[in-house]
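The primary structure of each chain is shown beneath.
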Amino acid sequence: MAENELSSEAVQASPEAESPMVARWASSLVLLGGLWMFAMQFVRTLARPPYEFKEIVRQLNAIGYRSLSLVIVVGIVIGAVLTMQSRPTMIKFGAQAYIPVMVAISVMRELSPVLISVILAGRVGAGIGAELGSMRASEQIDAMDVAALDPYKYLVFTRVVACMIALPVLTILADFVALIGSWIVEKLDAGISISYFIHSVVDGVEFSDYLPGVAKTIFFGFTIGIVGCFEGYNSKGGTEGVGRSATDAAVTSSLLIILLDVLFVKVTLMLWPT
Amino acid sequence: MIHPFHHKHPDEPHEEGPLLRVEHIAIAFEKPVMKDASMTVRKGETVAVLGKSGTGKSVLLKLIVGLLHPDAGKIYYKDKEVTALDDLQLMSLRSEIGFLFQGAALFDSMTIGQNLDLFLVKHTDLNSEEREKKIVHALEMVQLENSIDQMPSELSGGMKKRAGLARSIVIEPEMMLYDEPTTGLDPVTSSSIAELIVTLQQRLGIASIVVTHDLPTAYTVADRAIVLNEGYVIFDGDMKDLQKSDDPFLREYLSASRLDRERHDKILAARERLHSSAPQPA
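Chains as they are written, first to last, in the working numbering: chain S, 1 to 274; chain F, 1 to 282.
It is worth saying that the hints were derived from the structure and are not from the lab. Think of the CB as a built atom: it goes at the ideal place given N, C-alpha and C, for glycine as much as any other residue. Possibly wrong hints are sitting among the right ones.
[What the hints assert, rightly or not] Derived pair list, reagent style SDA-like, types lysine to any residue, alpha-carbon separation capped at 25 angstroms:
no.	chain 1	residue 1	chain 2	residue 2
1	F	K31	S	S28
2	F	K122	S	Y98
3	S	K266	S	L32
4	S	K236	F	K122
[Claimed, not checked] FRET-style restraints, in silico, Cβ to Cβ:
no.	chain 1	residue 1	chain 2	residue 2	range
5	F	K133	S	M37	57 to 63 angstroms
6	S	V251	F	S128	42 to 48 angstroms
7	S	I180	F	E140	18 to 24 angstroms
8	F	F29	S	V43	44 to 50 angstroms
9	S	L46	F	R251	54 to 60 angstroms
10	S	E240	F	S156	40 to 46 angstroms
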């Protein structure tokens, strides 16, 4: 069995565990350990060129290009809704002039990176989990192993790299369309011109508002890719296992993104205290 | 411990040294699957591995190519200890062995031609023109030359098996492993796949292991049979001697397979015709 696959004994950890709760915790720890080993294999593969560039481009199309419409719709809605929700409060404090910059900072720092990543964890992560899970069930991954095709490099590495490239690009796009959504609401509600809106955003937003938000999506992309691949690659139990892999990929990567975000916010505030 | 019915030790002398030696293999998952199984395969020989479901027939094939590691025992391929090879050495060994999976395991996202090409790109330095010639030749051997641009989902079960076979032989392996090559196919398609296996073996002269529970297929393709039961090899001998065995399990197995003497003789006669008419290796 390849080192990046979990053995059945490992997954069924602690059969003599004292209670179901202890067994569940033990099983979760074993899975986390497996996920860590699986992620470390990515680092080792990174040091072993040549890479499958053709497959990376194919995955970029599947993961990035095919998510465009979803990201555009979500981005516009984020910007528009945030503007509509914040307007009454901002007016109450006499700060309606700051709505564009407030929306821009909220979207760029937090809303767009996290929401887009969580949504893509559902679409892309579950898709990867299901695809690799069905490849495992139909022995396609075994066939790659037998043919010395290095399935980790061909299937996992390419998908994770594609996620790491696609997520920041899609987040930048979501930032942009969210501002368009915000301006449309501002235009309809207060008649604000596009030039005023742009000036307001450019003057109020700093590099430190923009860079961390985009940078953390590289890690979110890694999380979506690696968790999706891990669940699919280690899928067991035929077609039932495929469904479980897809669900677990979406749930686990969403949860990890939210937890990682806490860490990233803390680091960002340490690096740029203002 | 060696099972009392185990009557052929892998170290017994042969005219030519065995290509593959499996020695006292044991492996368990949730319960023991193989307890002490040994076998050998010589160059150019075809061995059928028979037994009930869950007796470790497919596990044996995965052990041979290093997809699974045994709990005990050793496997040697051309005197290299498979069970001691690292990942890179295993990759090199696997490029010498073809494997036909039960469901053919064609890559869904690629055409049949691309499925074959992927193997050639990885294992040869051929240019695209040379690779295409090889792909067409391999597909011609399995009578699928017109399906080169079709997707696996467009093929029937039998065609998928043939395409999987073409993909396995395109890299010109020295040994072929067949995992239930006729399972799930109708009798006519099963028979044509079995005939195809014989034809390929005659043409290419490669050693083969055929895991099956379909006795007519085993009789058609194999020179020798190995029967697994409860983790042990209970029969290792000539296909023709299978019917003569007094082993109670084997008697029951053969009788459950409804292969009576008349049908058995018919299959053997057909096999003789097939083997004598198939082209010899170049």
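Violated hints, by number in ascending order, as checked against the structure | 2, 4, 5, 7, 8, 10
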